[in-house]
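J.: Those sequence lines, one after another, are chains A and B.
Residue 14 in the numbering used here sits at position 10 of the first sequence, and the numbers go up by one each step.
Residue 209 in the numbering used here sits at position 7 of the second sequence, and the numbers go up by one each step.
Hints listed in this document are in silico derivations from the structure and should not be mistaken for laboratory results.
Glycine included, C-beta positions come from ideal geometry on N, C-alpha and C.
Please note that a few of the clues may not be correct.
Sample of chain B residues lacking proximity to chain A, with all beta carbon distances greater than 10 Å (derived) [stated by the list, open to error]: (1) Lys244; (2) Arg262; (3) Ser300.
List of simulated lysine-lysine pairs, BS3-like, C-alpha gap at most 30 Å [stated by the list, open to error]: (4) A:Lys17 to B:Lys258; (5) A:Lys56 to B:Lys244; (6) A:Lys17 to B:Lys269.
The lines below spell out each chain.
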Amino acid sequence: DAGVTQSPTHLIKTRGQHVTLRCSPISGHKSVSWYQQVLGQGPQFIFQYYEKEERGRGNFPDRFSARQFPNYSSELNVNALLLGDSALYLCASSSRTGYNSPLHFGNGTRLTVT
Amino acid sequence: QKEVEQNSGPLSVPEGAIASLNCTYSDRGSQSFFWYRQYSGKSPELIMSIYSNGDKEDGRFTAQLNKASQYVSLLIRDSQPSDSATYLCAAYNDYKLSFGAGTTVTVRA
Numbered sequence: 005d006a007g008v009t010q011s012p013t014h015l016i017k018t019r020g021q022h023v024t025l026r027c028s029p030i031s032g033h034k035s036v037s038w039y040q041q042v043l044g045q046g047p048q049f050i051f052q053y054y055e056k057e058e059r060g061r062g063n064f065p066d067r068f069s070a071r072q073f074p075n076y077s078s079e080l081n082v083n084a085l086l087l088g089d090s091a092l093y094l095c096a097s098s099s100r101t102g103y104n105s106p107l108h109f110g111n112g113t114r115l116t117v118t
Numbered sequence: 203q204k205e206v207e208q209n210s211g212p213l214s215v216p217e218g219a220i221a222s223l224n225c226t227y228s229d230r231g232s233q234s235f236f237w238y239r240q241y242s243g244k245s246p247e248l249i250m251s252i253y254s255n256g257d258k259e260d261g262r263f264t265a266q267l268n269k270a271s272q273y274v275s276l277l278i279r280d281s282q283p284s285d286s287a288t289y290l291c292a293a294y295n296d297y298k299l300s301f302g303a304g305t306t307v308t309v310r311a
């Protein structure tokens, strides 16, 4: 079975631009989460979606938004890019929400903002 | 105070030895705990999950949880060069995982 797929794998943008990152969960998984990982740190939670509804949001500015589609795929949008947004953006899926539903990560999108 | 803290690395162990990784968490409401392995330039890969106090073994990996001490550990037995990676400890609470900064392990051949 295919794992979590993310696109694109790499992206270079200029400050002030907008970016859209895409994620397809593992087949049958209904929950998608987004994390940001900057070099040398652990991933930081951005959003969780389950059954197309936002279930949680991390401490990120309103420039970050996301949505989940009827087929459970998801998009992360970042407006007005800053240099500090340069990071590895990870999408993770799980079969359901809850403490006993581990997250499985995709290969990530590496975003560079110049 | 960070939600999840891991012992500072890097940790260098000889091939065949035991690598011991430690993690503490601050939120007593954390319900489950995970260890992820991350190779350089790659995404995190789930290697262990633990939900209740005690030990959990899976192959060469053993996770230990002590909720009273808010402590989680991971032992890697018979370490192999392929175990060289950064190990991330994560605690689950309220729909999200909180990660530590990771401990980098190098296994010397």
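J.: Now tell me, hint by hint, if it's right for this structure.
T.: Now for the hints, and whether the structure bears them out:
no.: 1; hint: Lys244; verdict: violated, 7 Å
no.: 2; hint: Arg262; verdict: holds, 19 Å
no.: 3; hint: Ser300; verdict: violated, 7 Å
no.: 4; hint: A:Lys17 to B:Lys258; verdict: violated, 44 Å
no.: 5; hint: A:Lys56 to B:Lys244; verdict: holds, 28 Å
no.: 6; hint: A:Lys17 to B:Lys269; verdict: violated, 44 Å
Comparing the model with each earlier hint shows violations of hints 1, 3, 4 and 6; every other hint is respected.
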